[in-house]
Amino acid sequence: MAKKQFKAESKRLLELMINSIYTHKEIFLRELISNASDAMDKLYFKSMTENLGLSRANFEIFINADSENHTLTITDNGIGMTKDELESNLGVIAKSGTLQFSADNKEALSSDEDMSVIGQFGVGFYSAFMVASKVEVRSKFYGSDEAFLWASSGADGYTITACDKDSHGTEIKLYIKETAGNDAPDAPGDDENYEEFLLEYKIRSIVKKYSDYIRYPIKTESLQRKKKEDSDEFEEFKEIQTLNSMVPIWKKNKSELKDEDYNEFYKSKFHDFVDPIARIHSKTEGTATYSALIFIPKKPPYDFYTKEYEKGLQLYTSGVMIMEKCGDLLPDYFSFARGLVDSEDLSLNISREMLQHDRQLKIIAKSIERSIKNELKKMLANERDKYEEFWKEFGAQIKFGIYNTYGQAKEGLQDLLMFYSSSEEKNVTLEEYVIRMKEEQKSIYFASGESITRINSLPQVEAVKDKGYEILYLTDHVDEFCLQMLVNYNEKMFMSVQSADLDLETEDEKEEIKKKNKDNKELFEFMKDALADKVQDVRFSQKLKTLPVCVSGAGALSVEMEKVLAQMPGDKKAKADKILEINANHAICDKLQFLFDNDKEMLKTYAEILYSQAMLIEGISLENPAEFVGQVAELMTGVVV
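Just so we're aligned, residue 8 is where the sequence shown starts under my numbering, counting upward by one.
If you are wondering where the hints come from, they were derived from the structure by calculation, not from laboratory data. Be a bit skeptical, because a hint or two may be false.
[Said to hold, decoys possible] Simulated crosslink set (SDA-like; lysine to any residue; CA at most 25 Å straight-line):
| # | residue 1 | residue 2 |
| --- | --- | --- |
| 1 | Lys274 | Glu92 |
| 2 | Lys245 | Glu203 |
| 3 | Lys226 | Val254 |
| 4 | Lys53 | His175 |
| 5 | Lys226 | Asn200 |
| 6 | Lys582 | Leu538 |
| 7 | Lys580 | Asn592 |
| 8 | Lys499 | Lys528 |
| 9 | Lys399 | Arg377 |
| 10 | Lys226 | Glu240 |
| 11 | Lys314 | His278 |
| 12 | Lys318 | Pro308 |
| 13 | Lys552 | Asn463 |
| 14 | Lys552 | Glu438 |
| 15 | Lys393 | Asp266 |
| 16 | Lys53 | Glu92 |
| 17 | Lys259 | Glu246 |
| 18 | Lys276 | Lys245 |
| 19 | Lys433 | Glu203 |
| 20 | Lys216 | Lys234 |
| 21 | Lys385 | Lys399 |
| 22 | Lys306 | Thr296 |
| 23 | Lys305 | Ala285 |
| 24 | Lys32 | Ala64 |
| 25 | Lys259 | Glu203 |
| 26 | Lys528 | Asn592 |
| 27 | Lys582 | Thr513 |
| 28 | Lys290 | Asn381 |
| 29 | Lys216 | Lys318 |
| 30 | Lys541 | Tyr613 |
| 31 | Lys598 | Lys582 |
| 32 | Lys226 | Lys265 |
| 33 | Lys474 | Lys528 |
| 34 | Lys318 | Gly402 |
| 35 | Lys552 | Lys399 |
| 36 | Lys314 | Lys265 |
| 37 | Lys215 | Tyr316 |
| 38 | Lys318 | Glu331 |
| 39 | Lys552 | Asp392 |
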């Protein structure tokens with residue numbers, strides 16, 4: 008029979024697909040298995056509607072690897088294809104018999120929960136040409152006496168001839184390409200090891216990875232060894248083994264499963280050594296219909312905080328994995344979640360591994376985000392110790408989520424936040440803080456620093472605690488950025504105790520300090536000029552108790568935020584507007600006034616030393632430590648160093 012040519016557009020599409028559409032060549036086996044499953048679904052459906060007496064137990068897929076002849080054969084006993092269907096389905100790329108079948112039987116399929124067909128486009132079959140130099144398809148339609156052979160070596164065209172076949176169904180034989188470097192004429196110019204697709208372990212691996220939950224058994228003849236009777240020698244024998252489990256755990260009822268079932272599935276599926284801290288097993292119907300099984304790990308994976316970490320959930324359609332990690336299903340702040348989603352509603356494009364970012368996917372993603380939030384809130388309310396364990400590992404991710412979304416995600420995340428409390432001496436939520444607020448308290452007070460010990464040593468903290476107010480300690484770099492994006496919680500504004508705007512004084516105290524600053528205006532102007540652009544202002548303060556000095560932030564960028572930004576790459580560093588505040592009740596005040604009247608050069612040195620002391624209290628490194636040491640030595644000895 009003369010060779011037929013693919014249509015011109017089909018030929019170009021085939022060449023494109025073979026070279027670039029699929030990311031991994033191993034996908035071909037998933038596609039052919041899915042097509043075989045479709046064929047058996049069609050015959051099962053026909054049996055139900057026409058009372059043919061067939062059950063699911065009658066169907067199977069068989070894979071045979073022949074290393075000697077370099078062929079891989081996938082056989083099913085599904086409905087098979089007529090000559091016209093071979094021409095129609097395999098002669099025109101992107102023509103799908105499954106798609107037409109689904110359209111013709113839409114109402115009947117939707118009423119039967121046990122029926123679903125996987126294939127939606129006809130391109131999957133042609134993925135075989137990524138690994139095969141030639142493909143032969145023998146098919147016999149159910150109830151027909153005729154069988155036909157479709158054969159093609161790729162884009163050059165195909166032939167269809169009559170052939171012999173004992174039973175209904177389809178047999179696809181792939182003539183596997185030679186590996187590059189071999190002398191065979193069909194060896195491609197890439198570095199793919201095509202021979203591995205003929206190895207049993209590789210076939211098992213691909214089936215387990217992509218097709219483990221196909222509802223029909225996928226079988227192969229496996230080479231086994233056993234000990235001979237009354238001998239230490241072994242003998243080899245072959246036996247038929249089923250490669251797939253067929254029943255997805257997420258399709259089972261929760262009542263059928265124990266904690267051990269979930270935990271073992273999680274550890275084997277996601278290669279973790281410890282049980283997850285929580286799980287979400289749900290089936291959702293309505294606007295989007297899907298099953299989900301999501302786990303929250305106890306510990307982050309080793310690469311979680313690296314650029315190499317890739318977020319996402321595994322994505323299945325009708326039990327067939329189409330995407331290893333679908334990042335669109337998880338927001339960045341929940342990137343620690345691991346699990347899978349199985350939906351029949353998604354629109355898939357020609358490769359099955361590249362999704363059209365359609366409305367259904369977005370609906371599922373929103374629903375999953377809501378489920379994770381609710382699970383975490385439930386854990387916080389009912390299993391506090393477990394939640395604190397989670398927070399220790401992944402709390403920074405939640406806080407970064409509020410900052411990174413410019414506060415858009417705060418409604419769902421703010422009640423999950425925890426910070427160390429000065430009064431409780433443990434992590435508390437914002438809600439718990441607000442409940443304990445004093446009646447006259449207007450703001451939620453916080454202080455930032457490298458550690459709890461460092462924050463406790465801040466002079467401003469001492470003053471706020473002395474007034475009886477609770478302070479939240481912010482020790483993560485992202486903390487203050489997070490609160491800036493929150494702006495307020497329950498209509499209570501956030502106030503840094505390290506801010507120049509901190510208002511703790513009584514009206515009488517305010518008037519007193521205002522008068523002192525006015526009386527010493529010339530002194531402070533001189534000190535400000537001596538410090539050049541290091542500070543925006545110098546003034547007396549009532550907020551200090553024992554220490555002589557502190558530095559406060561005067562704008563949106565705090566001193567602590569300046570410190571964080573200084574550690575980031577780049578030449579230009581943002582600077583906070585600083586105010587040098589001097590303890591109005593400290594003996595240093597008299598010394599400063601004396602120097603202003605008698606030794607202005609020494610007053611400049613004092614100004615520099617006080618500023619350096621304030622910066623050290625804040626945990627900020629000095630630009631010139633040697634200069635500071637020299638200034639202190641000069642005061643101690645009277646000798647300029």
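Verification of the supplied hints:
no.: 1; hint: Lys274 to Glu92; in the structure: violated, 44 Å
no.: 2; hint: Lys245 to Glu203; in the structure: holds, 20 Å
no.: 3; hint: Lys226 to Val254; in the structure: holds, 15 Å
no.: 4; hint: Lys53 to His175; in the structure: holds, 14 Å
no.: 5; hint: Lys226 to Asn200; in the structure: holds, 24 Å
no.: 6; hint: Lys582 to Leu538; in the structure: holds, 15 Å
no.: 7; hint: Lys580 to Asn592; in the structure: violated, 35 Å
no.: 8; hint: Lys499 to Lys528; in the structure: violated, 35 Å
no.: 9; hint: Lys399 to Arg377; in the structure: holds, 22 Å
no.: 10; hint: Lys226 to Glu240; in the structure: violated, 28 Å
no.: 11; hint: Lys314 to His278; in the structure: holds, 20 Å
no.: 12; hint: Lys318 to Pro308; in the structure: holds, 11 Å
no.: 13; hint: Lys552 to Asn463; in the structure: holds, 14 Å
no.: 14; hint: Lys552 to Glu438; in the structure: violated, 30 Å
no.: 15; hint: Lys393 to Asp266; in the structure: holds, 16 Å
no.: 16; hint: Lys53 to Glu92; in the structure: holds, 17 Å
no.: 17; hint: Lys259 to Glu246; in the structure: violated, 30 Å
no.: 18; hint: Lys276 to Lys245; in the structure: violated, 29 Å
no.: 19; hint: Lys433 to Glu203; in the structure: violated, 56 Å
no.: 20; hint: Lys216 to Lys234; in the structure: violated, 31 Å
no.: 21; hint: Lys385 to Lys399; in the structure: holds, 17 Å
no.: 22; hint: Lys306 to Thr296; in the structure: violated, 31 Å
no.: 23; hint: Lys305 to Ala285; in the structure: holds, 8 Å
no.: 24; hint: Lys32 to Ala64; in the structure: violated, 31 Å
no.: 25; hint: Lys259 to Glu203; in the structure: violated, 34 Å
no.: 26; hint: Lys528 to Asn592; in the structure: holds, 17 Å
no.: 27; hint: Lys582 to Thr513; in the structure: violated, 32 Å
no.: 28; hint: Lys290 to Asn381; in the structure: holds, 15 Å
no.: 29; hint: Lys216 to Lys318; in the structure: holds, 18 Å
no.: 30; hint: Lys541 to Tyr613; in the structure: holds, 14 Å
no.: 31; hint: Lys598 to Lys582; in the structure: violated, 30 Å
no.: 32; hint: Lys226 to Lys265; in the structure: violated, 29 Å
no.: 33; hint: Lys474 to Lys528; in the structure: violated, 29 Å
no.: 34; hint: Lys318 to Gly402; in the structure: holds, 17 Å
no.: 35; hint: Lys552 to Lys399; in the structure: violated, 34 Å
no.: 36; hint: Lys314 to Lys265; in the structure: violated, 36 Å
no.: 37; hint: Lys215 to Tyr316; in the structure: holds, 23 Å
no.: 38; hint: Lys318 to Glu331; in the structure: holds, 10 Å
no.: 39; hint: Lys552 to Asp392; in the structure: violated, 37 Å
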